[in-house]
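Build the full structure now, drawing on both the sequences and the hints.
As you go down the protein sequences, you meet chains A and B in turn.
Taking the numbering used here, the leading residue of the first sequence gets 1, the next gets one more, and so forth.
Taking the numbering used here, the leading residue of the second sequence gets 100, the next gets one more, and so forth.
These are computed hints drawn from the structure, not numbers from a lab.
Where is the CB? At the ideal position from N, CA and C, for every residue including glycine.
Treat the hints with care, as some may be off.
[Unchecked claim] A short list of chain B residues far from chain A (calculated; beta carbon distances all over 12 Å):
1. G125
2. T144
3. E145
4. K171
5. M174
6. L181
[Claimed, not checked] The calculated lysine to any residue pairs, modelled on SDA-like cross-linking and capped at a C-alpha distance of 25 Å, are:
7. K158/B / Y5/A
8. K171/B / M2/A
9. K109/B / V20/A
10. K158/B / S8/A
11. K10/A / Q188/B
12. K111/B / A73/A
13. K109/B / M1/A
14. K171/B / G95/A
15. K111/B / G95/A
16. K59/A / K171/B
17. K59/A / I182/B
18. K158/B / S43/A
19. K158/B / I6/A
20. K59/A / D143/B
21. K158/B / S80/A
22. K158/B / D48/A
23. K109/B / P69/A
24. K111/B / E90/A
25. K111/B / M101/B
26. K59/A / M174/B
27. K158/B / K59/A
28. K10/A / G194/B
29. K158/B / E46/A
2 protein chains.
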Amino acid sequence: MMYGYIGSMKTKPGRRDEVVSLLVNGSDDLRSAGCRLYVVSVSDTEADLISVSEVWDSKERHDASRQLPEAKAAMAQARSMLIGDVTRQEVTVAGGLGL
Amino acid sequence: MMYGYIGSMKTKPGRRDEVVSLLVNGSDDLRSAGCRLYVVSVSDTEADLISVSEVWDSKERHDASRQLPEAKAAMAQARSMLIGDVTRQEVTVAGGLGL
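Take a look at the structure:
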């Protein structure tokens with residue numbers, strides 16, 4: 001079964017698009033790290049809210065990807081623009097379309 | 100910009116896998132209706148919780164797909180096994196991998 005991850009984060013006022021760029025630009029290297037899907041979204045109703053939905057081959061590959069130097073650097077840069085923690089939900093992917 | 104939809108629902112005890120099957124089996128026809136991505140997941144920590152993440156060409160196509168007879172029938176069947184409402188969050192997809 002594939003591993004899924006749903007996260008959300010709130011940025012400091014006006015910093016949303018910078019964080020979105022960081023997250024989207026980092027996605028090129030994810031496929032070789034075991035990522036099947038990585039979707040960055042913004043809320044239509046709540047300012048400065050960003051959602052990330054990810055599907056990975058396994059939790060182990062997801063965890064390992066976070067230890068990559070580029071990933072750590074991008075997360076550190078993003079965190080400086082966030083308010084509060086990243087909320088996260090770990091799920092098991094049951095199926096669907098487009099995976 | 101693509102339209103994203105994140106939903107979650109809680110089933111009556113023990114009915115989760117039936118609802119998951121309903122949701123996954125209905126996904127074949129979605130691509131022609133404008134759906135790019137449709138992921139059905141279950142929680143690792145909360146029993147009977149199901150998450151659905153969807154990406155569509157537009158909100159209009161998503162809304163239209165819900166009016167299809169097969170979609171209405173499946174949702175009616177699923178609803179009889181749910182507790183409470185389906186929580187939903189509408190988002191705008193900013194980018195990512197695998198879309």
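Handout entry: Unsatisfied constraints (hint numbers, rising)
Key = The structure breaks hints 1, 2, 3, 8, 9, 12, 16, 17, 21, 23, 25, 26, 27; every other hint is satisfied.
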